[in-house]
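**Student:** What follows is each chain in one-letter form.
4 protein chains.
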Amino acid sequence: EATFSLISGPCQLETLDHARMLAETLSKTCADLGIGFVFKASFDKANRTSLSGKRGVGMDEGLTILSKIREEFGCPVLTDVHDIGQCKPASEAVDVLQIPAFLCRQTDLLLAAGETGAIINVKKGQFLAPWDVQNIVEKVESTGNEKILLTERGASFGYNMLVSDMRSLPIMARTGYPVVFDATHSVQLPGGLGGSTGGQAEFVPPLARAAIAVGCAAVFIETHEEPARSPSDGPNMVALADMPVLLERLKALDSIVKQ
Amino acid sequence: EATFSLISGPCQLETLDHARMLAETLSKTCADLGIGFVFKASFDKANRTSLSGKRGVGMDEGLTILSKIREEFGCPVLTDVHDIGQCKPASEAVDVLQIPAFLCRQTDLLLAAGETGAIINVKKGQFLAPWDVQNIVEKVESTGNEKILLTERGASFGYNMLVSDMRSLPIMARTGYPVVFDATHSVQLPGGLGGSTGGQAEFVPPLARAAIAVGCAAVFIETHEEPARSPSDGPNMVALADMPVLLERLKALDSIVKQ
Amino acid sequence: EATFSLISGPCQLETLDHARMLAETLSKTCADLGIGFVFKASFDKANRTSLSGKRGVGMDEGLTILSKIREEFGCPVLTDVHDIGQCKPASEAVDVLQIPAFLCRQTDLLLAAGETGAIINVKKGQFLAPWDVQNIVEKVESTGNEKILLTERGASFGYNMLVSDMRSLPIMARTGYPVVFDATHSVQLPGGLGGSTGGQAEFVPPLARAAIAVGCAAVFIETHEEPARSPSDGPNMVALADMPVLLERLKALDSIVKQ
Amino acid sequence: EATFSLISGPCQLETLDHARMLAETLSKTCADLGIGFVFKASFDKANRTSLSGKRGVGMDEGLTILSKIREEFGCPVLTDVHDIGQCKPASEAVDVLQIPAFLCRQTDLLLAAGETGAIINVKKGQFLAPWDVQNIVEKVESTGNEKILLTERGASFGYNMLVSDMRSLPIMARTGYPVVFDATHSVQLPGGLGGSTGGQAEFVPPLARAAIAVGCAAVFIETHEEPARSPSDGPNMVALADMPVLLERLKALDSIVKQ
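Chains as they are written, first to last, in the working numbering: chain A, 82 to 340; chain B, 82 to 340; chain C, 82 to 340; chain D, 82 to 340.
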């Protein structure tokens with residue numbers, strides 16, 4: 082089994098220079114450790130808790146930035162799509178189209194994404210049992226596209242809280258596709274701050290370690306040089322400066338599990 | 082406080098004649114009991130569990146049928162919309178645009194629906210706390226549209242099961258908008274049949290009675306003359322022949338609660 | 082089907098005079114409305130959240146008070162038992178022995194209670210599915226005692242919160258035994274106040290109405306002339322002065338459901 | 082930080098020879114790997130799902146066996162107590178008294194156990210938030226006993242299922258006491274087999290790895306040479322022959338996390 086990969090970036094795109102800085106730092110750290118790196122950023126946050134949450138730079142500017150990152154750093158790039166019309170243009174600028182968790186059951190979006198031939202990363206809905214991703218997989222496969230990733234990002238657990246059920250990693254792996262653990266969104270407290278979503282950044286490292294110890298193909302950890310200034314998901318981000326130590330430890334755990 | 086209304090119909094549109102038969106029977110029953118009636122049907126089921134689930138008649142034919150029902154029976158008509166492009170045409174054919182539960186956080190869809198000026202019925206996501214509908218309400222209100230309905234349709238409770246938290250009815254009512262209890266989808270067993278969603282039709286009447294006893298503006302109960310032959314949601318439908326007795330009892334309970 | 086009964090009292094016994102005042106007021110209200118009345122009070126609170134929570138008057142004094150209430154007012158009396166040794170003495174002073182929810186799986190306690198021949202009210206654990214009360218029923222029945230009541234008091238729903246699943250009332254009724262809805266403890270917020278359990282008294286009336294509308298044999302509603310001064314469960318109690326209006330409405334709903 | 086310890090044994094005591102065989106095998110494996118070993122067995126299963134579940138050898142015979150194991154193998158021994166009267170005799174035969182999860186709020190049992198001066202292992206109830214163990218800790222500490230262990234064994238997640246929230250390990254560790262992860266009972270399916278509790282033994286190794294990667298003081302894994310023949314918890318046991326490989330891997334993960 083291969084070493085795990087890191088999917089990481091700033092959550093929401095800010096500027097080209099900011100994306101460059103993060104891509105450079107992260108790709109170098111990953112190369113030093115011998116782990117794969119996928120750059121992730123969103124050009125639009127289409128489901129912010131409240132209307133006043135910042136939406137992002139928009140699709141045109143966003144895809145331009147993302148394609149430059151891909152070109153300059155040679156790393157695969159991932160972004161999320163929210164409607165059918167975004168799939169084709171996004172697939173020309175990036176390598177991986179991500180289906181947001183709330184939208185994981187929207188048949189037309191899955192088909193439109195699958196038809197681009199890009200790699201499709203489906204985030205399992207907070208309302209979905211891990212064995213039920215099989216139906217989602219079949220929707221994407223029906224387009225002839227079998228480049229699929231499946232991501233655990235927490236299950237609804239009462240109100241305003243998610244729980245990470247580590248059993249879901251081996252259960253989703255029964256589909257035969259690589260499984261990703263999203264340590265950033267799993268520690269969200271949905272709606273927990275009233276008009277925005279809170280988070281528990283202190284649990285990102287232990288949950289990422291747990292997922293690697295269970296066994297997974299990739300971890301998804303958003304980062305920022307100053308999480309408190311991130312336009313979204315700040316409360317559950319790992320500071321960029323803390324990433325090397327965390328990744329080094331994950332690498333060591335991964336080596337043992339995949340022996 | 083006004084008597085409650087019934088939102089009902091066949092779930093998925095089949096033919097004009099089938100819609101007519103249901104609209105006629107239901108509108109007559111409601112008129113006899115002195116309760117309001119809103120005809121509901123979907124022209125497309127965009128988030129079926131599996132790809133092989135029947136999708137429906139499509140938007141054009143569906144809206145034609147729905148507008149005829151509105152014209153012939155003089156009752157308000159409700160249908161659900163799944164992307165921005167459907168909002169305008171649907172708003173010309175029906176009175177109420179419904180936002181599906183999985184999509185209740187999609188800002189652009191809420192804004193596009195709100196901008197049509199139609200009544201907007203937002204189903205609370207299975208992953209959302211009832212107090213968090215306030216953020217959704219503000220998204221719709223930002224379009225100047227204050228004709229809003231909020232629907233409870235069950236909260237995630239472990240895997241493959243929902244629970245109806247009756248506290249959510251008074252909590253959502255704090256927004257000042259009418260609250261609907263969807264007794265049909267609250268008894269779904271999501272993914273419970275593998276490739277489709279199971280249901281517990283036997284609990285529709287007791288949960289509908291409970292919601293009326295708590296106090297709500299409307300109940301949503303899908304029906305079919307032969308539930309086992311319905312193209313979707315059959316396992317959680319009430320047979321058309323059983324509706325009059327159920328509604329009569331709901332009317333009696335409602336009268337006591339709204340004294 | 083018979084009219085529902087009320088199980089009510091002060092939660093924790095304070096003094097004989099206090100118990101008398103409540104028993105007199107409640108039994109008169111119930112007699113006026115034609116509903117049954119069972120006086121309930123605890124002589125010991127054995128599972129307070131924290132050590133500093135008040136425990137109560139103790140078994141000897143408590144049972145003396147309870148037997149006087151039974152004698153003076155002629156109503157059945159209920160109290161809870163926490164270990165085997167309490168079953169026999171308690172069964173001589175009261176009519177109904179209640180098994181606390183946390184203890185509903187303790188075989189020896191169920192057997193000891195059953196063997197006294199008293200009526201046994203088992204509260205379903207917050208961790209138990211409603212269909213699993215069948216195993217509990219069989220433990221009690223094995224003693225030859227078939228005077229059993231089953232009580233719903235909320236199911237764990239994430240952390241620090243319970244949810245009342247109204248489906249549990251008809252599911253537990255399949256055992257053939259009368260089902261009680263405990264509206265007081267269902268609105269607890271376990272551990273919600275740090276060193277004690279919070280509550281949401283405002284939801285007692287709507288949940289009690291819901292349970293009656295679903296159909297149940299009794300409702301359990303603790304009361305106090307000044308809830309804020311009650312030594313336990315104050316945050317989820319209905320004020321004594323508010324009981325008549327609530328009961329009158331429950332009676333009206335019950336009449337419709339049991340027609 | 083010290084290497085983790087293993088708490089293990091046959092769940093329910095069968096015979097002295099059987100206990101000896103397990104204690105010998107397990108203590109040797111642990112010694113070889115340099116990890117601590119605590120022998121665990123129950124003399125009575127007081128809360129079996131149904132009455133027909135086997136209860137065990139009883140307290141007198143059980144404590145005799147346990148004290149012989151302690152003497153012969155020199156390892157600490159743990160057993161669970163279910164009522165006040167068992168605390169004193171059990172504390173004379175074993176080193177650690179375990180409070181079952183359903184009983185973790187029973188004040189008198191906690192106090193009686195604490196007063197023996199033995200080490201007290203409290204299993205967190207399936208209905209309890211991890212931050213609420215603070216109140217339990219204070220009950221035990223009030224006896225002057227500060228030899229406390231806290232065990233995670235799964236939280237209620239809908240009906241008939243538990244979920245292991247790995248955040249609970251660092252949260253409970255804030256009390257300052259060692260935290261144990263019970264991988265055996267965390268994979269129970271409570272009531273899942275109708276008259277008994279099912280299990281998912283295949284998830285014991287990945288969850289144990291996850292807990293070690295998060296960081297904990299001990300893991301609790303019940304074992305049997307033939308799990309299918311174990312009188313209780315067979316469906317969630319690891320076969321004795323599979324323990325060495327599992328423990329070796331846990332040791333390697335632990336070394337990395339505690340560097």
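Hints are supplied without guarantee of correctness; some may be wrong.
Copies of the same chain look alike in the list, so a pair counts if it works inside one copy or between any two.
Listed below are the simulated DSS-like cross-link pairs for lysine-lysine, each with C-alpha atoms no more than 27 Å apart in a straight line [said to hold, decoys possible]:
id	residue 1	residue 2
1	Lys332	Lys135
2	Lys135	Lys339
3	Lys339	Lys228
4	Lys169	Lys332
5	Lys135	Lys228
6	Lys169	Lys339
7	Lys169	Lys126
Please keep in mind that the hints were generated in silico from the structure rather than gathered at the bench.
**Student:** All hints, please: hold or fail.
**Tutor:** Against the structure, the hints come out as follows:
Taking identical chains as interchangeable, the C-alpha atoms of Lys332 and Lys135 are never at most 27 Å apart, the minima being 34 Å within one chain and 46 Å between chains. In this assembly of identical chains, the alpha carbons of Lys135 and Lys339 never lie at most 27 Å apart, being 40 Å within a copy and 40 Å across copies at closest. With identical chains, the CA atoms of Lys339 and Lys228 are at most 27 Å apart within one copy only, with a shortest distance of 22 Å there and 37 Å across copies. For the identical chains of this complex, Lys169 and Lys332 are neighbours neither inside a copy (35 Å) nor across copies (48 Å), given an alpha-carbon limit of 27 Å.
For the identical chains of this complex, Lys135 and Lys228 are inter-copy neighbours only, at 26 Å across copies versus 32 Å inside a copy, given an alpha-carbon limit of 27 Å. In this assembly of identical chains, Lys169 and Lys339 lie within 27 Å of each other by CA distance neither inside one copy nor across copies; the values are 36 Å within and 47 Å between. Proximity of Lys169 and Lys126 under a CA criterion of 27 Å is satisfied in both settings, with 18 Å inside one chain copy and 23 Å between copies.
Of the numbered hints stated above, those contradicted by the structure are hints 1, 2, 4, 6, listed in ascending order.
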